[in-house]
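K.L.:
Here is how the chains run, residue by residue.
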Amino acid sequence: MAYSDKVIDHYSNPKNVGTLDKASKSVGTGLVGAPECGDVMRLQIQVDDATGVITDAKFKTFGCGSAIASSSLATEWLKGKTVDEAVKIDNMDLVEELNLPPVKIHCSVLAEDAIKSAINDYRKKNGLEELVFEERIH
Amino acid sequence: MLKLPIYLDHNATTPMDPRVLEAMIPYFTENFGNAASRNHSFGWHAEEAVDYAREQVAQLINADPKEIIFTSGATEGDNLAIKGVYEMYASKGNHIITCTTEHKAVLDTCKHLEKLGAEVTYLEVQPDGLVDLKQLEAAMRPTTILVAIMYANNEIGVIQPIKEISAIAKKHGALVFTDAVQAVGKIPVDVIADGIDIMAFTAHKMYGPKGVGALYVRRKNPRVKVTAQMDGGGHERGMRSGTLNVPGIVGFGKACEIARTDMAADTERIAKLRDKLENALKQIDESYVNGNPAHRLPHVSNISFKYVEGEGLMMGFNQNIALSSGSACTSASLEPSYVLKALGLGDDLAHSSLRFGLGRYTTEEQIDYTIKAVTDTVLKLREMSPLWEMFKEGVDIDSIQWAHH
Numbered sequence: 284m285a286y287s288d289k290v291i292d293h294y295s296n297p298k299n300v301g302t303l304d305k306a307s308k309s310v311g312t313g314l315v316g317a318p319e320c321g322d323v324m325r326l327q328i329q330v331d332d333a334t335g336v337i338t339d340a341k342f343k344t345f346g347c348g349s350a351i352a353s354s355s356l357a358t359e360w361l362k363g364k365t366v367d368e369a370v371k372i373d374n375m376d377l378v379e380e381l382n383l384p385p386v387k388i389h390c391s392v393l394a395e396d397a398i399k400s401a402i403n404d405y406r407k408k409n410g411l412e413e414l415v416f417e418e419r420i421h
Numbered sequence: 002m003l004k005l006p007i008y009l010d011h012n013a014t015t016p017m018d019p020r021v022l023e024a025m026i027p028y029f030t031e032n033f034g035n036a037a038s039r040n041h042s043f044g045w046h047a048e049e050a051v052d053y054a055r056e057q058v059a060q061l062i063n064a065d066p067k068e069i070i071f072t073s074g075a076t077e078g079d080n081l082a083i084k085g086v087y088e089m090y091a092s093k094g095n096h097i098i099t100c101t102t103e104h105k106a107v108l109d110t111c112k113h114l115e116k117l118g119a120e121v122t123y124l125e126v127q128p129d130g131l132v133d134l135k136q137l138e139a140a141m142r143p144t145t146i147l148v149a150i151m152y153a154n155n156e157i158g159v160i161q162p163i164k165e166i167s168a169i170a171k172k173h174g175a176l177v178f179t180d181a182v183q184a185v186g187k188i189p190v191d192v193i194a195d196g197i198d199i200m201a202f203t204a205h206k207m208y209g210p211k212g213v214g215a216l217y218v219r220r221k222n223p224r225v226k227v228t229a230q231m232d233g234g235g236h237e238r239g240m241r242s243g244t245l246n247v248p249g250i251v252g253f254g255k256a257c258e259i260a261r262t263d264m265a266a267d268t269e270r271i272a273k274l275r276d277k278l279e280n281a282l283k284q285i286d287e288s289y290v291n292g293n294p295a296h297r298l299p300h301v302s303n304i305s306f307k308y309v310e311g312e313g314l315m316m317g318f319n320q321n322i323a324l325s326s327g328s329a330c331t332s333a334s335l336e337p338s339y340v341l342k343a344l345g346l347g348d349d350l351a352h353s354s355l356r357f358g359l360g361r362y363t364t365e366e367q368i369d370y371t372i373k374a375v376t377d378t379v380l381k382l383r384e385m386s387p388l389w390e391m392f393k394e395g396v397d398i399d400s401i402q403w404a405h406h
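Residue numbers (this note's numbering), protein chains in the order written: chain A, 284 to 421; chain B, 2 to 406.
Everything labelled a hint here was simulated from the structure, so no lab data went into it. It is possible that part of the hints are untrue.
[Said to hold, decoys possible] Cut-off 30 Å, straight-line C-alpha distance, at most; resulting in silico cross-link-like pairs (DSBU-like, lysine-lysine):
(1) A:Lys362 / B:Lys381
(2) A:Lys289 / B:Lys67
(3) A:Lys298 / B:Lys373
(4) B:Lys381 / A:Lys305
(5) B:Lys226 / A:Lys289
(6) A:Lys362 / B:Lys373
(7) A:Lys298 / B:Lys226
(8) B:Lys393 / A:Lys407
(9) B:Lys393 / A:Lys399
(10) B:Lys373 / A:Lys289
(11) A:Lys341 / B:Lys226
(12) B:Lys67 / B:Lys226
(13) B:Lys4 / A:Lys341
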């Protein structure tokens, strides 16, 4: 199976690889997937408490090229968005942008889950109610 | 000059040796006869060529030419052997013993027979990939008609103790079948010394053409018969009907002859390169060689690089290096290698494995390039891996409640 140029580009030059201080109140961390399944994504957001704008986003991913590309692209999209806007990022947008084949859709779902999980972690730390998301079958 | 891409997937298939191609060419055009045409020179020429190839194939495994049944490949050989024995020896029993690391052509054939009333024991292998002889002995029953254990494994290269296995089978009156696809032509295989009754192998894993293989069926001590699985003209002593693939068979014969003459030198050279590759990659932290290192094919190395995922790893160099991974992502099933899991490896290590299969044309330059490319990619991906970061921080990854999906 050949990868799309965009997947190859994100894999070769991943954006925003790194770690934010997960103890900080303004950082939300999402860790999703499982080693047994062959992919684990950790996605972190740094939020400006005053404006609710995501000022920084970082990821680390254990997984295939499509999983790495999905999380790299997700961090790109997150930066500059407000938390409320970020919640609306849909996995199918990632699929479209990266041209993922059907067998790799689960990588995009994982990235969406990681975003939501990071947002909820941020909300929890800041005394906000966690958002409830529809259960998805991967 | 290093020519890219580099092929290190010789367990999947091998390039054809130019000497093999040369031997085959006349049999497509001038000598196109049907080997079963008994009444004219076209048929005679073809039959002569097949007979010669049969001798070349038999000689490589120390068999009699009459014991060679040409097939379309090893999947057919596996099917014919196991189903053929099951039918032919139905009056003796219905129990078959095999093991969990066999090729799907053996496992799925056994599963098919289970539906028809066969009883099948799937022996688990030890963590090094070898069958436990005591377990085999304990699994033998009066109704056991066949022990089907592969000669060498396709994913990890582990060589089973076939001689000891056949001694146990003989003691209990069962036949021994071995899928020797990965072994024949690479290491010495002697059906007499090893006590093998039936053996499947194929040309394209030993620098011959695709679409042709052989089933060795013993004719003496004991005389073994298998029920044909294809009805027709009664070719190949009635065990495998179908017009013989003359050019393919000629090429297979030539490939066997070359394997016999070149094996010692090839093996020595390839094993050195494999060891160089493996020793260099073992220097990477948290890398593990899978399978028994002493009982192993000389050209195979299967290594898990913990905390990086196999497909992601291959993506770092698969424009330039061709090899295989035990990762789920390389198959449609999303399940990692059942062979590695049978060794007791966790799914995470199975997902992190690469299989290196060297061959006749592998050069030291290619190996040096591969060592560098793989090492660089592992290190790069680990910098990107949350699991590596946790490992470095001393977090017990197994203690985390992962959300399985």
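K.L.:
For each hint, tell me whether it holds in the structure or not.
P.N.:
Structure-based check of each hint:
Pair hint Lys362 (chain A) plus Lys381 (chain B) holds up; C-alpha atoms about 24 Å apart against a cutoff of 30 Å. Among the hinted pairs, Lys289 (chain A) with Lys67 (chain B) is inconsistent with the structure: their alpha-carbon atoms are about 58 Å apart, more than 30 Å. Simply put, Lys298 (chain A) and Lys373 (chain B) have alpha-carbon atoms about 24 Å apart, close enough for the 30 Å limit, and the pair holds. Restraint check for Lys381 (chain B) and Lys305 (chain A): the C-alpha separation of about 23 Å stays at or below 30 Å, so the hint holds.
A hinted pair counts as satisfied when its Cα atoms are at most 30 Å apart, and Lys226 (chain B) with Lys289 (chain A) does not qualify at roughly 57 Å. Between the alpha carbons of Lys362 (chain A) and Lys373 (chain B) the distance comes to roughly 35 Å, so the proposed pair goes past 30 Å and is violated. Of the pairs offered as hints, the one joining Lys298 (chain A) and Lys226 (chain B) is violated, with about 64 Å between alpha carbons and a cut-off of 30 Å exceeded. Between Lys393 (chain B) and Lys407 (chain A) the CA atoms are separated by roughly 27 Å; this keeps the pair inside 30 Å, and the hint holds.
Between Lys393 (chain B) and Lys399 (chain A), the direct Cα distance comes to roughly 27 Å. Compliance with the 30 Å bound is thereby established for this hinted pair. With a CA separation close to 25 Å, the supplied pair Lys373 (chain B) and Lys289 (chain A) stays within the 30 Å bound. Of the supplied pair hints, the one linking Lys341 (chain A) and Lys226 (chain B) is violated, its CA atoms being roughly 65 Å apart against a limit of 30 Å. For the hint linking Lys67 (chain B) to Lys226 (chain B), the alpha-carbon distance of about 13 Å falls within 30 Å, and the restraint holds.
With a CA separation close to 38 Å, the supplied pair Lys4 (chain B) and Lys341 (chain A) exceeds the 30 Å bound.
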